[in-house]
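For the record, the sequence lines run as chains S and C.
According to my numbering, the first sequence holds residues -9 to 385 in order.
According to my numbering, the second sequence holds residues 189 to 601 in order.
Hints were generated in silico from the structure; no laboratory data involved.
In this text, all values refer to a predicted model and were calculated from it rather than measured experimentally.
Glycine is no exception: its CB is placed at the ideal position from the N, C-alpha and C atoms.
Just to be clear, a hint being listed does not mean it is correct.
Rough simulated footprint, nothing fancy, chain S against chain C, three-plus residues with beta-carbon under 8 Å [said to hold, decoys possible]:
| hint | region |
| --- | --- |
| 1 | 315 to 323 |
| 2 | 333 to 340 |
| 3 | 344 to 355 |
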Amino acid sequence: MTVETSHGPLEWLREAAAAGEVHTVRVSWVDRLGTWRGKRLPVDVFLGSPQRRIGFCDGMIVVDVNCDVIQETPFSNFETGYPDMYLRPRLESLRRVGWSEGEAFVFGSLESHGGEPLGVSPANVLARVLGRLGESGIAVAARLTVCGRLQRAPGEPVALLPDGRGRDEEPPGVLRQAAEGLRRSGVALRSLEAQPDGAFRLALGPSPAAAAAEQAVLAKAALKEVTRPRGLHAVFMTRLPGVAAASELGIELELAGCGGLDTGALWQRLTPLRSLLQPSVNAFKAGPPRRPSGALGEDGLSLRGLAAASEADAATVLAALGAAVGATLEGADGGERAQPEGLAGAATLLDECGWARDWLGEQFVDNAVPLLRHEAAGFAAAVTDWELDRYWSAG
Amino acid sequence: MDERWLDLVWTDLVGRAHVVRTTREACESGPIEVPLARLAGGFAGAASEAGGVVELRPDFATERALPWDPGVSVCVADVYEDDAPSPRCVRSFLQGVAEGAAAESLTIEAAVELEFYLVDPATGRPVYGQVDNYSLSRVEAEPIVTAFRNEMRAMAVGVEASNPEYGGGQFEVNIAHADLLAAADQATLARLFTGVLARRHGLDATYMSKPWTDQSSSGIHVHQSLWKEGRNLFFAPPEQLSEAGRSYLAGLLESVPELALLGSPTPNGFHRRADGSFAPTVAAWATDNRTTAVRAVFGGEGGTRIEHRDGGADCNLYLTMGAQVLAGLDGIARGAEPPPAVTGNAYEQADLPALPRTFVEAYERLRDSELAALLLPAELLGAYLDVLEPEVELAILSSSDWERERYAEVPLR
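Full structure from sequences and hints, please.
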């Protein structure tokens, strides 16, 4: 088998294609909810013009969780006509899809027709935040822990054995298969833990923050893709009925070059960002963000104990946390804010937070806020099972 | 003796591809005849009253081996009657369009986007329900789509990308641009073999325009550009349409309402037309705007093109593409000037020319169209109208599930 690390990724792909090991390249980007999207290209098409920009309908970067477009997002709507956005492949990210025979992937940067980075792309926002921290001499690395649950259907957990197999599965089992695939894709997988109630945890990194975000996307993708053909589901929804613990994205940040930080002040600054850390009404059921702890080391500061909703996009979360760190270090307005009652209130806090707009960009916030409000409004209008159970015979 | 089987593929008037299995030796030793109903039978097919036979003449330049079926090649055929190309042969028509352009040293390049659904035969529903446009992890049907991409490329059909589309279980396939006839041939083969490959994996495929009320419709988008001596005649630097490009666009746009029936040969096709559906409802154009029927897309000299977005996925590719090109060339010949490009949401602009909303309206627009009569050979146009005439009556007379569900006082099936 050809090995990616022996020389440049493009040369590896050429050799792998020639050897018949790779037939398809996923040319990819990540949406605001962490879903891995893109097109599949035959490898010879990709190799024919590896740096060619690929067009996509730009509305798909501002859709809701069901892929529905809404008209309140200024970046794209029927008035803008849903033109193309363009993906410019980053060839250094080219790797094998370790869990899918014959496939490679490449991440890319989303840009406008004119080549400007799209401010609605979480990866671009994270790059913006990391770049600004870098100007202050701070480099960010992250250890992420992706948590989820294996279920056959809503409310039907799959009991997992300690080796990551479902109880009725032959070895190696879906979790092991995903984990081994991730390793083949170069993902820095530290550990895999499975629980009898179907819960699993994949610990990743440490990796530079941008790479860590992409690795979290790959981890979720691998888990979804190895489970779906077996009629199973890797579920990253935060709270599930009958399950006490919420699924979360665990985060440890290593801030090289950072001499100190008031973690209390940082924690306060997470309040207006809560809708980015917990981007659904379900995620809010996990309660407000925990207060992180900090430890100064030789290279800088370690922040531990941070968490976001498991379903949140890792790039968005890391961008939000980076923005909070930067704003705290800059002493930007950190006035204490009450925790929002729900997602709609959290969206308003984000909307009104000047330093969040400054760090994350106006375009990002202006499009995130209506989507968050749309989600909250949808829930407010929905009649839930709980209501039916409780009120059906009322009156 | 060459013992390979040869599958001859031809397209009937309503756009359906048919196959007959023969051998090259048989083709060279005498005419391969098929019932006329396979060309002019319409949706009634063999049950139609179209009697007699027609002759298939393979275009051996299109012959390619089937990668998944050793010993079998496929070849696109033209239909002949009385030792001449049949006036009802849509491929011969398109070839004539390309040859007419070539006589003026022009080459028409076209690229086709196909949309289709993969269907679970057990349920008759899409293989999955959730819309997940561009998702890379929606892998339930990916083995089929991967096989489709790889097998098509192995048989020189230039599939260059695919992705889940804006319907659950719906996919889009992009085919590389090629000269006009090759583009239509390749799209025809891709459409034909989608179903073959899907069935090999236990699923069905459909290119029906609007299979389900609650799911997106499937369209066909044709990207087109005009070349002369290696230069793209639509391109004007830095990023605009040339005078020829504007005139071509004007001609194309003018034709959309009157030729709508060519892109939508079934009553079902008109269920696509709805505000916000990403299928056009008005004859408007814009630069990179998905609410319009025609889009100008810029990408340097190599990538500047005009995209026609009105056809349904089940249209007659040869007829639709040929008529579009003729309309565009007619625009150039007349020095036509397009109306201003639309800005904003074309669905909400009441002053734009409306496209036919029903099959009957589209039928009447085509039947009464002076433009269609100018552009299309009379016999071909007449045959097309004849073969679709029963659909007019049937469309009016048929009862649908929707009507039973909405109007019946007791459950009916």
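Evaluation of the provided hints:
no.	hint	in the structure
1	315 to 323	holds (count 6)
2	333 to 340	holds (count 4)
3	344 to 355	holds (count 6)
The structure is consistent with each of the numbered hints, conforming to all of them.
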